[in-house]
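Please build the complex by placing chains F and G on the supplied structure of chain V, with the hints as guidance.
Chains as they are written, first to last, in the working numbering: chain V, 129 to 763; chain F, 22 to 341; chain G, 14 to 457.
Calculated from the structure, these hints are not laboratory results. Only true hints are included.
Below, a list of computed lysine to any residue pairs in the SDA-like style, where the Cα atoms sit at most 20 Å apart: (1) Lys-258/F <-> Glu-98/G; (2) Lys-669/V <-> Asp-684/V; (3) Lys-627/V <-> Pro-424/G; (4) Lys-23/G <-> Gly-648/V; (5) Lys-27/G <-> Gln-489/V; (6) Lys-125/F <-> Ser-367/G; (7) Lys-278/F <-> Tyr-337/G; (8) Lys-172/V <-> Ala-199/V; (9) Lys-204/G <-> Gly-189/G; (10) Lys-760/V <-> Glu-221/F; (11) Lys-159/F <-> Thr-589/V; (12) Lys-28/G <-> Val-709/V; (13) Lys-392/G <-> Asn-723/V; (14) Lys-598/V <-> Ser-185/F; (15) Lys-49/G <-> Pro-436/V; (16) Lys-301/V <-> Pro-253/V; (17) Lys-272/V <-> Arg-241/V; (18) Lys-27/G <-> Ile-491/V.
Okay, the calculated beta carbon distance ranges per label pair: (19) Asn-409/G <-> Ser-727/V: 40 to 46 Å; (20) Ala-44/F <-> Pro-371/G: 55 to 61 Å; (21) Asp-131/F <-> Pro-371/G: 32 to 38 Å; (22) Glu-170/F <-> Lys-269/G: 51 to 57 Å; (23) Lys-269/G <-> Gly-113/F: 41 to 47 Å.
Selected chain G positions facing chain V (in silico; Cβ < 7 Å): (24) Lys-17; (25) Ala-18; (26) Leu-19; (27) Leu-39; (28) Thr-40; (29) Met-43; (30) Gln-327; (31) Gly-391; (32) Pro-424.
Given the structure is predicted, the values throughout are model-derived calculations rather than measurements. No residue lacks a Cβ here, since even glycine has one placed at the ideal position from N, Cα and C.
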Amino acid sequence: MRTVTFLPSYRKIEVARGSTILDAAQRAGMNINVVCGGQGKCGKCIVYVQVGKTEFDRQKYLQFFTEEELARGACLACETTIQGDLQVVIPESTLIQEQKILIEGKETEIEFRPAVKKYYVTLQPPTLTDPSPDLTRLLWGIQKSGGPVAEKIYVPLEVMREIPALLRHSDWKVSGTIALVPGGYRLIDLQENDTSKRIYGAAVDLGSTTVVAYLWDLVTGKVAGVASNYNKQISCGEDILARVNFARKNGLSKLQSLATDSINAALTSASNTAGIDREDIYEVVVAGNTVMTHMLLGIDPAYIIAEPYVPVVQRALSVAAARIGIAANRNCGLFVFPAVSDFIGGDIIADILACGMGERQEISLLIDIGTNFEVVLGNNEWMFSCAGAAGPALEGGEVLFGMRANPGAIEKVTIDPFTLNPTWGTINNIKPRGITGSGLIDTLAELISACVIDRTGRINTGIDNPRVRKGAHFPEFVVAWARETDIGKDIVITENDIKNLIMSKASIHAACVTLMKEAGVTRHDITTIYFAGAFGNYLNKKNATIIGMIPETDIDRIKNIGNGAVTGANIALINRRERKVLDAIAGKIAYIELNAEPSFMDDYTSSTFLPHTDLSLFPMVQALLESCRLRKGSG
Amino acid sequence: MGFDLQFGWTGTVSEVVLGRTRAEGGTRSVSYRIGGGTTLPFLDTDRPSPSPLIAFECCDNPRIWSTIVRDYCGDLVNDPAEWAKTAETVYGADMVRLNLTSTKERNFSDVAALKKTVESVLSATTLPLIIEGSNEPKIDSEVFLACGEAGQGERLLLGTAEASRYRSIAAAALAYDHSVIAQSPIDINLAKQLNILLREIGVARDHIIIDPYTGALGYGFEYSFSAMERIRFSALKGDADLAMPMCCAPADSLTIKEVRDAPADARDEMAVQWEVYTSIAAAVAGAEIICVRHPRSVGVLKEAFAGLKSHSHSRTAEVR
Amino acid sequence: MALKALDIYKLLPKKNCKECGDPTCLTFAMKLAGGKADVDLCPYLDDEAKAVLGATTRPPIRRVKIGVGERAFGVGEEFVLYRHEKTFYHPPGILFKVSDTQSADEITQVTIRVRDESFTRVGTKLQFNGIAIENASGSKESFARAVATVEESADLPLVLISENPEALALALVQVGTYRPLIHAATQDNYKAMCALAKKHGCPMVIKADSLEGLVSLVKDCAAEGIQKLVIDVSPQTLGDFLVKSTAARQLAITRKVPELGYPVFLDTTKTGMQDAAIALGIVKYASVIVTNPLSPAQTKAALTLRQNIYTDPQKPIQMNPGLYRIGSPGKDAPVLMTVNFSLTFFTLEGYLESTRIPCFMLIVDTEGLSVLTSVAAGKLNETLVRDSLKKFGVENEVTHRNLIIPGYAAPLSGRIEEATGWKVMVGPRDAAEIGEYLYTEWKK
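Chain V extracted, bound-state conformation (with noise of 0.2 Å):
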């Protein structure tokens, strides 16, 4: 035997002597590009031997070379017979190019290898003159189809069981699903005839109120269909303090299922959408909050919310779907992304992975907002990370006529600063019911550049204009006449609801210099701020900043992920080597208590001030403000 180790992966492979290089690295695994089959007509497998004795004709393949490559030593790796130990170097150009995917709220495309592959195979019945095994013979099938190496496939026992009907019933015409888990390959699945281009994989975010799935055709490429619904735990506790409470006096098994329900639904309604099967998904990828997975994989969450908040697990998990329940393919694989504490969960990490931020030199800023928000800062080699309570008001909670994203929440508004006449939008553009987090900000602008309100939030009734009233209980502000509304009542936004706005912008702001702080950078080091969670589709940016929920910067600098779990969860779906760096991702991300942060207070409460009481920190917004406030003359 002898041993080739091919260059720059030091992967090392023993193989007869005689036998081809193109032979050793396919059986190692490298996928090198032989568009002639290896018959020495394309000249794409071009390699170049650093140690070792070959034979290889290179008189005869002379088109095949630049000058440059011939004064290397090229050869072609299908036409070079090995004689001795080699080191063999594949240059780049001659590895398969991989397929390259746009997920949407990613910017760059993604190299599609996923994890599971399914080949079609013909074999040779076996006969007295080639005797070898049925699973030998099998595997050496998808070995030759460009599966992997044949004795590095693992074949679980109730595989191995249908193995013999099965290939003797199907003519021995199949179709072998092969994954790649954390032991190596394995033979999940084994089908009759050619189902190859049957094979799907969905990625789930796993969020405490909704419950999102991509489902894709990893033969394409492309998204097969989507789908979404209520997280079904709903039923038991709003909120997730609630929910653990739940587990612990009735136990967990009821939320484990509803959340495997949950994401049943959604896997059901994509497939229904998209016209396929659910028996062909064969893989699942899942992106939560840390107590929502410790939920679906029904491990204690108790000691989660409690002190110390010490997460039980904290790395990537892939255990087998049907374990927990999932409705798939019976060996469909569930590969769930780590977390780093109680707030900052695999939701986060898929946000870091969507954003790209953990892959860059630049120093980054990613906020998720939800009832929660979490708040990462940093780079390729340091995060410091933080979470707190934002209070609902973003989400419409609190909010006299706040309400979530749902047709007829006005989601855009614009106020004139003479006549103080809103323009507003409704999602769906029906009459308007109530007003969302972005139509909160948006108010709250609005508000400011018109003088309404002063920089503490609080409205000027000295103001003579019908939109602005004392108010039964606080002064408020109309945005919709009660005519103009689908509910019959005037839809205001009060002082009330300005202070809970206020104070919620003021705990993000304040996260945000904590670790700003932490780090010792200033807003001028960060060169983008990513808004993640469902919030972010519709966020004015622009006013986000007016109000000073996050630092100020460039608005070309500030983006929307959108939901970063999900798009985080089809990365890591679409391609496998993403999740490696997960796991790395997870251990860099230092967590920061604002609690026990003592310069939190200070930075709270000097951002419960439109935009912050340093307004140096924000010169954009207040020259914008001041020449607001010139215009209007002092009110």
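Frame of chain V; chains F and G shown alone:
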């Protein structure tokens, strides 16, 4: 080796004028220009540091006033004009702070009487006045306008503007050219916010005194002390929105447990010590107007401030 | 100045080897930055990095311990010029002064006061720290007798005040092993004083009219092998003390003049303004304060100010959560919930007492955060209120189910009602209005 203090400050505390003399268009015997500091209090060895002003607090309705002071001052407490005069001539105060406590009575409406009180106090004392008005949005506007008008030309210091109610008092100050006390709850950020709010409705920086709210010694004073130090520090570092002189008015000093529960024969001393310790620490932290309620505190503090002002340079010490 | 976590991280090996006990170099750097870990825990630091990191963590003002036993106290080891920058760590010792011209009875009386008097504020016992004995008589025998008199009544930290080394030598024969602070070495007597300090291992005050003089004395004493020093800037006036102590602290903190990195001594009896001097000393860097015996009023004020100034400004003082009674509340008395931030507690308590309406205060554990902040940080939530109601057995104390919550917690009212089943009444935002509120809203 230079052993002089070198902080590298760039800011200056803004100057605020309190009171107007006849020459200046008022009727006070003296007017004060406070602020102007370029380092921490009492550390300027090149020129004499200004002494903090001691303002004696009296009121127009003693019902809710400290019993200790009522017992000590006797009938005086029923006559704000006479009381103010005594503060000047007997206690030796630099200013008088008149608290219009009558406005705290339920359904108060006699604004005309208030105006009279202010006028009578103005004629009874020649010292610059601080007028502490109402704290009730319904009457604020009327009360402050009345006080402002009564003291027109005297450059009163009107109290107290807060973030939740600053428009009425600012309007009165602007109309009659008075200054205002801007009070925020022991927080440098909230202090700054209020100053910005006032500035944005037209109150000039040199018409604002910061009251960072003084918790009584043992009841939050540690927070007040650091809030004052931080405000002064920010002023010297160049933050113009925090560069106003500060006042220290620990309103609760005489109602806290230690003073209330002190034996009858030691109650006055306890009251005075509580005010004195608080005031010295506040003055060192940067307060330039020190409000006290016990008459005996005035003299003790005068002496102490004289001691703090006086430096003996190490050079002169060597010559000695 | 203190390094940021990221600056420290850059000096670390970035191996994430976990040998320091932290999961990553970054988390270790954060601990180092916060002074919560020791540089030596990292086995892979080179000397240069160690030197850089070590220099920023070594206290710029040395620690000096005075006395032995239970009442011994350490001073110095301070890091900042303003308490809001971090905190002041070691409160000054305040010592009553007696003179060897006083009678033994008088001296004993003062000693016993310092030994026995104390009072408790916010859960902390406050007391004076020791006795300073002055050799006013000029006689070394009288001095030794006075020291013996003090020593007979109490094991208290002592300051021995005499510029006569012989008098001190005689006194130290009796108390030298109790680590008294000797006062004071001057340019004239420092050699003899250093010999005494060395012999008895006791800390020593050095005294000079100027900081330059002190620096040269520090060097002289160091040459004699004496480093446990306290400095007396011999102030002429209060203002003089303020300027010199501030300058000494600043030059020490910035490490410009490390020789000034010693605790400061202040004899307030020399200033003619006892109370002002004590207050000034407490707030402006005195570490050993000598005073004439104080009246009960002075005592309370002085020790309370010291307690205030030496609390950690970044850590809100917390009250113990629980159910507190104002007056003798009955089964129908109002229940007012608020946070365990002490200022909130005391303020509300004060106003409630003055309303003369007996009531319950339910103090919930927000880790010392104020209402506003704890609502924002999510510390104050319905679960906490529900658990606290249960934990402190409020249901057994009152027959009604009405809970008054702070005005700033109004956003939580619905959720508290849901979680607790109690009817929530939103109180005023300002504690001062609580009386009015109770009269109008509760009595209704």
